[in-house]
Amino acid sequence: MKPPSRLLRLYPSRWRARYEDEFLALLEDLGPSRGLVLDVAIAAVRARLEEFSAGRRPRVASGLTSGGELMVVLSRQSQLLFAIAAVLALLGVAGFFLHSFAYVLALGLAAVFGVAGAASVSTRLKSRRMRGLLFGFVITLAFVATYLFVVSGGGGPPAPSPSR
Amino acid sequence: VAEPETRTNARFLILTSLASGPKHGYAMVTDIAEFSSVHLGPGTLYTALQRLEREGLIRAVASTDRRRPYRITPSGLAVLRAHAEEARRVAGVAARRLAPR
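Going line by line, the protein sequences match chains G and C. Counting along the first sequence from 1, when you hit position 73 you're at 73 in our numbering, and nothing is skipped either side. Counting along the second sequence from 1, when you hit position 61 you're at 61 in our numbering, and nothing is skipped either side.
So here's chain G without its partners, still in its complex pose:
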């Protein structure tokens, strides 16, 4: 397996200008190992968030990317909470399209785990701006889920057509 040098593109340009050469040398010395890609990817997200919180805004493609970055950067318990929330949210979306009431329960639980994860992270975030961003992201998700619920008329299987 080659060193995950492509992952270095995830780092901010300032970071790469300063550390890229020596970081690649370290990757070559260490060789492939379990968890290496995840470690490098999480560190890249941390570097971007640090740049962001320092006022040097990175070129983030969209708000969704920012939300994804925020979720990846979290510590161990928070990662678990957000992973559970993500799985539940996927199940919820699947249930929505299958017209199953189970999606309401799944989305509700996803929101609970998402808020729990956000609370877990907020205790470690020193920056008020980052805390605001995180909670803004979670609240936006909750609004989108609610909107989907209302638009669908409460979800569930389609009403049977009247018989003649």
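Simulated from the structure, these hints should not be mistaken for lab results. Heads up, none of these hints are tricks.
Ranges between beta-carbon positions, derived for each pair: (1) C:Gly92 with G:Val87: 42 to 52 angstroms; (2) G:Leu24 with C:Ala84: 28 to 38 angstroms; (3) C:Gly56 with G:Ser53: 16 to 26 angstroms; (4) C:Ala99 with G:Gly132: 43 to 53 angstroms; (5) C:Gly21 with G:Thr140: 44 to 54 angstroms; (6) C:Val38 with G:Ser53: 21 to 31 angstroms.
Per the computed footprint, the stretches of chain C lying under chain G, defined by three or more beta-carbons under 8 angstroms from a beta-carbon of chain G, are: (7) 19-26; (8) 34-47; (9) 66-80.
Residues of chain C placed beyond 12 angstroms of chain G at every Cβ, according to the derived structure: (10) Gly56; (11) Glu86; (12) Ala87; (13) Arg97.
All values derive from a computational prediction rather than experimental measurement. Positions of the beta carbon are idealized from the N, C-alpha and C atoms, including for glycine.
Dock chain C against the given chain G, drawing on the hints supplied.
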């Protein structure tokens, strides 16, 4: 069971490693693994190195090699001493409280 703070704190581990002399990334990773059994990932290592350098606790040593060494600064030594003293004090309290009565 959570790892003890002193073993999982990458900053403390890096400063401890550099206290015995300048080292590049790979030398730090292997040294830390030897004295603490903690295997720092490269991303974790450089996240901590960047912060330590920004805070003036370590400094990059000029080198023509891609493997750039780092050395601890006087401020870094002071922080390490304070951290080690704190860890020793807490460990002492724990040992006393765990001792059979």
